Amino acid sequence: MDKKAQEEMVGFVLIMLVVAVIFLVFLGIFLRGGGSKDETGSIEIDQFLGSALQYTTECGDYSPDTVKELVRECSKNGGSSCNSASSHTVCESLKLTLQELIESSWNFGMDSPDKGYLVQVIRETSTGKEIVGNISLSRYSSTSTVRSAEKPLSDGLILYMEIYS
Amino acid sequence: MVKNKLAQMKIQQMAFMIVAVVVFFAMVAVIYFSISLRGLETKVQELRDDEAREIARQLASSPEFAFTASSDCEDCIDLERAFQISQNPNYQNSFWNLNYLALERISPPSSENISCTNLQSYIARTCNQIVIFKDESYATKTAFVSLAIWDPTIGVSGDYRYQLGRIHVSAPPIEDG
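Protein chains in written order, with our numbering: chain A, 1 to 165; chain B, 1 to 177.
Hint data in this document are derived by calculation from the structure and do not stem from the laboratory.
Bear in mind that the values here come from a model prediction, so they are computed numbers and not experimental data.
Honestly, I wouldn't trust all of these hints.
[Unchecked claim] Per label pair, the in silico range of CB-to-CB distance: (1) A:V18 - B:D50: 39 to 47 Å; (2) A:M9 - B:E51: 25 to 33 Å; (3) B:N97 - A:A85: 42 to 50 Å; (4) B:R38 - A:A20: 19 to 27 Å; (5) A:Y62 - B:Q92: 57 to 65 Å; (6) A:E124 - B:L119: 17 to 25 Å.
No residue lacks a Cβ here, since even glycine has one placed at the ideal position from N, Cα and C.
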């Protein structure tokens, strides 16, 4: 009779183990699907980057440069002065302009649908990618949903943006 | 008799176990599908939003708004044309089957978020919105655009200034099915 009871217990434990393994497999599949980085391009960010590149800045000597021109100028002569009246360099001015455009276009915060962002000017070379002129603006958030877009310019330059939701 | 009872107990035990396992899997399936379908709904909404944004963006390329002074700015809106359209009664409530169409300047920012009645007040930055037409109120969809406006203070003889803006459109909701 004791042996029978032992067999029953072993059977029960085996069933519980099988059920637990199946549950863990389900949980693993679900978490892998939901928690992954959503790298799909976002039309909204793409539109923002396209419009931001056309934006007329206050930088430039004879006529003000657009953001697109500032990106190119920053990659070539980043340390040069913005114009005779400004104390900012070209790269500093680009950074400030991008920050102003982002902050005025989105509301970031924990109560907002958009929690944070990352904007970088990247140069793609044969050896890899490098950040141009230290242009890397960010406001990080612990969320894992990411929408991103990038706008390629000439000379391997890319304006890249991520938004965390 | 005792053996019969034991067998009955065994059958009962097995039946309970099968029922418990089936209920467990059913619960897991229900949770899994409800979460999957909720994600699908969000995805559909995102696609609809993207579609509306694309319509808003396409408006920028329409002949009524397109900025043709520069070939470098495909999605720019000519603000002078937009003002002329906002004053033209022929365009009221009949343009692209929309019931709300407006332009908003985001940057440079304005002191107040109000609608402009003329181009001078827009240039003076005392207002930041151009309402082309406005009918019933629906939830609007927006798209980022560049707004081009002639600025006589640029350079020696003036040049176009490009600002960051949004185009707001509203259409009756798409019927399901």
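Notebook entry, point to check: Out of the numbered hints, which ones does the structure contradict?
Noted result: Violated: hints 2, 5 and 6.
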